[in-house]
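Listed in order, the protein sequences are those of chains A and S.
At position 75 of the first sequence (counting the first as 1) the number is 74 in numbering that gives the first Met the number 0, and the numbers step up by one without a gap.
At position 43 of the second sequence (counting the first as 1) the number is 42 in numbering that gives the first Met the number 0, and the numbers step up by one without a gap.
A hint or two may mislead.
Unchecked claim - Restricting the straight-line Cα-Cα distance to at most 16 Å, the calculated cross-link-like pairs of lysine to aspartate or glutamate (EDC-like) are:
no.: 1; chain 1: A; residue 1: Lys23; chain 2: S; residue 2: Glu114
no.: 2; chain 1: A; residue 1: Lys190; chain 2: S; residue 2: Glu183
no.: 3; chain 1: S; residue 1: Lys51; chain 2: S; residue 2: Glu114
no.: 4; chain 1: S; residue 1: Lys23; chain 2: A; residue 2: Asp144
no.: 5; chain 1: A; residue 1: Lys190; chain 2: S; residue 2: Asp144
no.: 6; chain 1: S; residue 1: Lys8; chain 2: S; residue 2: Glu42
no.: 7; chain 1: S; residue 1: Lys190; chain 2: A; residue 2: Asp22
no.: 8; chain 1: A; residue 1: Lys23; chain 2: A; residue 2: Asp98
no.: 9; chain 1: A; residue 1: Lys190; chain 2: S; residue 2: Glu114
It is worth saying that the hints were derived from the structure and are not from the lab.
Okay, here's what each chain looks like letter by letter:
2 protein chains.
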Amino acid sequence: MRDDKKQDKHEAITTAAYALLADKGYAGASMLSIAKAAKASNETLYRWYGDKRGLFEAMARDNAQGIRHRLEQALSDDQDAMQALEQIAPLLLSMLLDDRAISLNRAAAADPSGELGAAISAGGRDEIVPLIRSLISRLAIKDTDGLNPTDLFVTLLVGDLQIKRAIGALPQLSQEQVTQRAREALISFRKLVGLA
Amino acid sequence: MRDDKKQDKHEAITTAAYALLADKGYAGASMLSIAKAAKASNETLYRWYGDKRGLFEAMARDNAQGIRHRLEQALSDDQDAMQALEQIAPLLLSMLLDDRAISLNRAAAADPSGELGAAISAGGRDEIVPLIRSLISRLAIKDTDGLNPTDLFVTLLVGDLQIKRAIGALPQLSQEQVTQRAREALISFRKLVGLA
DNA sequence: CCATATCCGTAACTATGTGTACGGATAAAC
DNA sequence: GTTTATCCGTACACATAGTTACGGATATGG
Numbered sequence: 000m001r002d003d004k005k006q007d008k009h010e011a012i013t014t015a016a017y018a019l020l021a022d023k024g025y026a027g028a029s030m031l032s033i034a035k036a037a038k039a040s041n042e043t044l045y046r047w048y049g050d051k052r053g054l055f056e057a058m059a060r061d062n063a064q065g066i067r068h069r070l071e072q073a074l075s076d077d078q079d080a081m082q083a084l085e086q087i088a089p090l091l092l093s094m095l096l097d098d099r100a101i102s103l104n105r106a107a108a109a110d111p112s113g114e115l116g117a118a119i120s121a122g123g124r125d126e127i128v129p130l131i132r133s134l135i136s137r138l139a140i141k142d143t144d145g146l147n148p149t150d151l152f153v154t155l156l157v158g159d160l161q162i163k164r165a166i167g168a169l170p171q172l173s174q175e176q177v178t179q180r181a182r183e184a185l186i187s188f189r190k191l192v193g194l195a
Numbered sequence: 000m001r002d003d004k005k006q007d008k009h010e011a012i013t014t015a016a017y018a019l020l021a022d023k024g025y026a027g028a029s030m031l032s033i034a035k036a037a038k039a040s041n042e043t044l045y046r047w048y049g050d051k052r053g054l055f056e057a058m059a060r061d062n063a064q065g066i067r068h069r070l071e072q073a074l075s076d077d078q079d080a081m082q083a084l085e086q087i088a089p090l091l092l093s094m095l096l097d098d099r100a101i102s103l104n105r106a107a108a109a110d111p112s113g114e115l116g117a118a119i120s121a122g123g124r125d126e127i128v129p130l131i132r133s134l135i136s137r138l139a140i141k142d143t144d145g146l147n148p149t150d151l152f153v154t155l156l157v158g159d160l161q162i163k164r165a166i167g168a169l170p171q172l173s174q175e176q177v178t179q180r181a182r183e184a185l186i187s188f189r190k191l192v193g194l195a
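Please model the entire structure based on the sequences and the hints provided.
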């Protein structure tokens, strides 16, 4: 299969996997049902991904790379650091809480091995946090009372929304709610780091 | 069976369920394996709890009630509100992140129906948040820039620790780490609500 | 002591998932 | 056109889970 056709099939497979994950949970998102929905075969899934967890780990890496890529695209060279944070805060929040990211978190919570969770965590650590930290390090922060400003920023932005979404206690946020939350997080963040 | 013996058996069942949940995930924590580990029978579990999800919902309610009860016990009448918050912040954080609470979150994330998540969320809303809100309403808060101080407090205290714990990306925090995090949350909280 | 209710251990029924294997079909490279 | 590699659809082996049913054992109340 040519690379572009293979890429299309990979896309169909992961799209099917996300839909089944959202609808039936990790246990109910069987490899056979994913293959059928993607119009691929069982044998192909095992050949490409190794096993069920291998498929979901690939999806987690794709998702983290996609988030970093979109954050990078949203930045431009002529913004100052605070403008850049204002730019990406709602975007980051939106992506961390969208159905795909949440479905992956649910799969990781259901996976007893912990390996899928490790893949998601590595995605955050390797792809997203460095970008945030880099922006925050350009701010003229005066005082943080010994707190880590990157962690503080993420805490204020995301808080417990991911776990609420993952357990189904919170529906998808509207774009307005996302924007509002991001704005409030930045107000609090500025106050706490002495930039208000 | 007498009530106290039944209570003992209920305790054995839920203890077994937590252990299997932590070890094998929600799917692997089968009703048969829980019954065996609790030295009860399959038929008894179905008679008492209805079905698998009924068992875990009962555990979620028990857990929320237990958290509220321990918080109430930690408070005394002669503390002012800030002292009371300082008292319960590390305790609340510790309980929200302990293995039992996290196991329930993982079960809820794995449950495609959303009902287990609804039970956990109701526990938070009905048992824990009112207590926090009541304490915070006694504070002489000057200004919150339109933010909800109860939500802010919980955001600063818990942040994304629950989802990290649920996906296995973070081990159990030590008591020292819990205390430190609670202290930092309260410093930030005071600053943000004009009590610093 | 007897009657009743409940628990226990196991079997049975139904269902589904993971992962491998296989022969035919198709795509791709030479 | 031929050879090789890969995909597809299906079958298969193995395993396990949710839930109900049943007869004997035990606990409880009168």
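Hints and how they fare:
no., hint, verdict
1, Lys23/A to Glu114/S, "13 Å, holds"
2, Lys190/A to Glu183/S, "15 Å, holds"
3, Lys51/S to Glu114/S, "12 Å, holds"
4, Lys23/S to Asp144/A, "41 Å, violated"
5, Lys190/A to Asp144/S, "11 Å, holds"
6, Lys8/S to Glu42/S, "14 Å, holds"
7, Lys190/S to Asp22/A, "43 Å, violated"
8, Lys23/A to Asp98/A, "14 Å, holds"
9, Lys190/A to Glu114/S, "39 Å, violated"
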